[in-house]
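Asks: Below are the chains, spelled out letter by letter.
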Amino acid sequence: MLSNDQFTFYAERHIDMVYRVALHYLKSADYAQDVTQNVFLKLLQYNKPFESDRHLRNWLIRVAINECKNLVRKRWWHHESYDDYAGKLSFDSPKHSEVFSAVMELPKRYRLPIYLHYYEEYTTQEIADLLKIPKSTVCTQLKRGRDLLKQALAEEGSYV
Amino acid sequence: MFETDYKSACDAVKAPEKTREKILNLSRKKPSPFPIGKVLFVASLISILAVSVSATEFFQSWLRQYILQGSEIPLRQNEVQYLDAYEQVINQSQTQDGYTVTLESAVTDGFLAYVSVLVTAPEGTDFTHLDQPTFTARLSPQDASYTCISDSYQNNGGFSCPPDKDGNSRTFHWVLEMEAVDNKGDSLFLTGTQWNVHFENLVLTYLEASAENQYGEFIQETVAEGEWDFTFALDKCDLRSMELIQGTPVPVQYESGLGLPSTESPALEENSILSCTLRAYSAVLTMQKDPSDFPACTVVMKDGSRIELLSHTKFYKQLRFKTDRPILLDDVDYVLVGEDTTLYAQEISQG
Numbered sequence: 001m002l003s004n005d006q007f008t009f010y011a012e013r014h015i016d017m018v019y020r021v022a023l024h025y026l027k028s029a030d031y032a033q034d035v036t037q038n039v040f041l042k043l044l045q046y047n048k049p050f051e052s053d054r055h056l057r058n059w060l061i062r063v064a065i066n067e068c069k070n071l072v073r074k075r076w077w078h079h080e081s082y083d084d085y086a087g088k089l090s091f092d093s094p095k096h097s098e099v100f101s102a103v104m105e106l107p108k109r110y111r112l113p114i115y116l117h118y119y120e121e122y123t124t125q126e127i128a129d130l131l132k133i134p135k136s137t138v139c140t141q142l143k144r145g146r147d148l149l150k151q152a153l154a155e156e157g158s159y160v
Numbered sequence: 161m162f163e164t165d166y167k168s169a170c171d172a173v174k175a176p177e178k179t180r181e182k183i184l185n186l187s188r189k190k191p192s193p194f195p196i197g198k199v200l201f202v203a204s205l206i207s208i209l210a211v212s213v214s215a216t217e218f219f220q221s222w223l224r225q226y227i228l229q230g231s232e233i234p235l236r237q238n239e240v241q242y243l244d245a246y247e248q249v250i251n252q253s254q255t256q257d258g259y260t261v262t263l264e265s266a267v268t269d270g271f272l273a274y275v276s277v278l279v280t281a282p283e284g285t286d287f288t289h290l291d292q293p294t295f296t297a298r299l300s301p302q303d304a305s306y307t308c309i310s311d312s313y314q315n316n317g318g319f320s321c322p323p324d325k326d327g328n329s330r331t332f333h334w335v336l337e338m339e340a341v342d343n344k345g346d347s348l349f350l351t352g353t354q355w356n357v358h359f360e361n362l363v364l365t366y367l368e369a370s371a372e373n374q375y376g377e378f379i380q381e382t383v384a385e386g387e388w389d390f391t392f393a394l395d396k397c398d399l400r401s402m403e404l405i406q407g408t409p410v411p412v413q414y415e416s417g418l419g420l421p422s423t424e425s426p427a428l429e430e431n432s433i434l435s436c437t438l439r440a441y442s443a444v445l446t447m448q449k450d451p452s453d454f455p456a457c458t459v460v461m462k463d464g465s466r467i468e469l470l471s472h473t474k475f476y477k478q479l480r481f482k483t484d485r486p487i488l489l490d491d492v493d494y495v496l497v498g499e500d501t502t503l504y505a506q507e508i509s510q511g
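Those protein sequence lines, which keep their order, are chains A and B.
Heads up: the first sequence begins at 1 in our numbering, then just goes up one per residue.
Heads up: the second sequence begins at 161 in our numbering, then just goes up one per residue.
Keep in mind that a hint or two might mislead.
Unchecked claim - According to the in silico footprint, chain B covers these stretches of chain A (three or more CB under 8 angstroms from chain B):
(1) 4 to 14
(2) 17 to 29
(3) 35 to 44
(4) 85 to 97
(5) 139 to 148
What the hints assert, rightly or not - Simulated coverage check for chain B against chain A, where a stretch passes if three residues somewhere in it have a Cβ under 8 angstroms from a Cβ of chain A:
(6) 164 to 172
(7) 392 to 398
The set of hints was computed from the structure by calculation and includes no laboratory data.
A virtual CB, placed ideally from N, CA and C, is assigned to each residue, including glycine.
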């Protein structure tokens, strides 16, 4: 089990990553917060050692995805609008806001691979391992996601 | 550039302060068995509801959620009616070594079948920290020679039932998925055919620290030894199909080059489609030349809604797709292949 100091260190380092994974999966800030808390509670209770920060990150992402899937399966689950939350974020430029909204408007199956690849810089094989899907599926999802983003951002007047 | 802007955008997305404080406070107090009161309360309600709902409804709802896992659009009324007509409830259970395996329900279009499976661990088990429970599993016909195109069983990484009163989660779902043909290339999942489902040894797979591998090593631990065998007969199959190409091959162009980094340009693939066959859960494009990649393929319904076909397997010159929701053939308007190749709906064959 992690000591209090270790837990605090890792939590501060990775809270935002877990929150972003959950947000990309669920498209809901409230549910993403619930999932984030659950994930770190599980980290607190986990009693096997982590060899490296990378190992821990992978573990956190996997548990976050599992928690998101659990949530979506519950009968009271309903999709929420990202738009309500988008207004509360403050980006450095309108372009950043456009890009982030465009990603959040993608179908769910593309959002998480896009986030893991472009922001967390995982390779397609690593994403395949994390999401438990074939590498070719990850490649397809990244490609389709990029195509949809190109279309959406071109319509907005960006990246023509 | 997209990557730069997206990274900057994500940098601005942070967990709210109150979430951060709650998490950092976790280490300062003894963790409760189930920390979020709201979720516990609702989970208890679900528990009560789940008991009062009939087994048929509960099982049916899980497979429907699985089929929709890539989609955020709930099932429409006509899709619910379709599944009511074609989802077969199996509801057979066996227990070995304390673990109960239940075959819940199945759907098939003759070529692709999904069978949902529930596994319940003994009381007191807590799979909360589980990573990847797996069985050796096999779905096979009793009396037919066949060619399996692809098969998989997927744990959907979570626990479909709410935690029990002790806060433990001890159930999980799989879906067995199989695409196969008989040895003449015709449909295998036919009404009246008998199917065996075999499971062997429940193995937990989890990621453990490793001196050799910074990402950790997958460790497998057998938690339940035994074999669980079932037999069921298929009595609900939607064997209808629609062939969208009548006679002349249709030329198609599409970008190919899966997995390219965004800095590289994809190649343009030119080919011709000899046939495009749609079924309830799958589609097959038979190409003139051996294709190197899948085109985007979307079914457009008469009401304008779209079902994106998911690239599944390449089988000789066939590109096989599966869907994340059933295709109601009566409501198909056309199929869009690549950017601009349109194949219009034709007559439905009853199969």
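Asks: Out of the numbered hints, which ones does the structure contradict?
Replies: Failing hint: just 7.
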